[in-house]
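My request is simple: use the sequences and hints to build the entire structure.
Protein sequences, first through last, are from chains A and B. Position one of the first sequence corresponds to residue 1 (my numbering), numbered consecutively onward. Position one of the second sequence corresponds to residue 258 (my numbering), numbered consecutively onward.
Think of the hints as simulated: they come from the structure by calculation, not from any bench. Every residue gets a Cβ at the ideal spot worked out from N, C-alpha and C, and that includes glycine. It is possible that some hints are incorrect.
[As the list claims (entries may be wrong)] Residues of chain A clear of chain B, computed beta-carbon distances all greater than 10 Å:
#, residue
1, Gly63
2, Asp145
3, Ala183
4, Leu201
5, Thr222
[As the list claims (entries may be wrong)] Partial list, derived from the structure: chain A residues whose beta carbon lies under 8 Å from chain B:
#, residue
6, Tyr161
7, Cys171
8, Val179
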Amino acid sequence: MTSLSQVWHWLWFTHTGLHGLLFGLLVWRRFYKDFPIFFAYTGFASLQTAVVLVMNYAPAVSGQQYYVVYVASTTVLTALSFGVVYELLTHLLRDYPALRSLGTRFFRWAAIILVGIALVLAWFAPAGGGDHLMSVVFLLTRTVDLLLCGLLVLLFVFPRYFHLSWQNYACGIALGLGVLASADLAAFAIRSQIEPVTRNLSEDMLDVVTQGATLCSVLIWTAYVVRPQRRSHAQVSSLPFHDLETWNQELERLLHQ
Amino acid sequence: MITIALVVLSALALLYLIRLAKGQAIAPRLNDNLAESIRFVDVEAFRNLIDPDEEEYLRSKLHPAVFRKIQRERLRAAAEYILCAAHNAAVLLSLAEAARSSPDPEVTAMAEKLIANAIRLRLYAFQAIPRIYISMVLPAGRPSPVRVADRYEQMTRQVVLLGLQYPMPGVSNSL
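Next up, the structure:
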């Protein structure tokens, strides 16, 4: 086992443990109330990474069984990650009724355009490599990551333009998912082209990137969950003077001008 | 080639996300200098710049080449006004967001209205600016940012009302 291989294995063990810890924190903080899809995503990711890790070392499990479980669980996880994006958008627009219709339309069209771009890229840069099944999986993962990454960038750009404030948790969830999606996009873009039949140094390097990104995103989510919730907008530093009588008088005067 | 482009794109997306998230995490504090970030916007002057009658008058009085030059300058100035109004809307949005957490339901309601109007203004600005620039290149097209002026006036009135509850020296005067 090369040192790089050891590194990504240790990263895998670490984020598997941290996933469990994060899920415990989410239960403790009752995240299932405000972010049910993210809660389901983290719960499923904790289960998936633990099961796949055990299957990786279990002698009774064949390579085919491992890949079937891996592909099936990754599909569910991908669907949940899009659900998380939708949940974040809903959270963002919830406090701004004026933007609900526009925001929904904007993201619908953005998703359609991104799907188009991803499909064009998949057509012009098909997967290479020896293993046909895994090449297709990597290509699909690349396509999905491109869509996810684009939506997450827009999820930050859209409120930025309108100077809207984000909930602390929502911002952290989006950032963690963004780190994961962008690193996966880079890794799977390379992997879809060079996937060899046997493992080599480049494979180990890409695994370090993906496992490291997963660990980073779990750490980001954990940090945001542990921190107290606050909105990221300015606060009034001093209490203003309140005088309802004067307020009414001034209103009347203004209305009669 | 596409693979390299995707790797570069993902790296840029990652850096951009981190930068934006960092910006979200560091909340600006409202202070007495808020008024300084509000830029002066003369709504009447803006109305004049986009007035079709005024445009027709200039067209009839000036040589076509001179008119086109002046009209481009007028549209450029109108775009500047809209950008200023959109900037002010962003600053006022921060103010209204803070006021929204007020225990006074009247202030909260006023802040909600201000937020809605500021958002609409930025939306109109987003639509109006490209149209103005297109009109500068293709003089046949006519921008119709009158709604921006209306929205700005409406928003300014609400700021005055809000300012009575949350006194911010100079904010209302700057509009």
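So, going through the hints one by one against the coordinates:
no.	hint	result
1	Gly63	holds, 26 Å
2	Asp145	violated, 8 Å
3	Ala183	violated, 7 Å
4	Leu201	holds, 18 Å
5	Thr222	holds, 15 Å
6	Tyr161	holds, 7 Å
7	Cys171	holds, 5 Å
8	Val179	holds, 6 Å
Of the hints listed earlier, those the structure fails to meet are numbers 2 and 3, in rising order.
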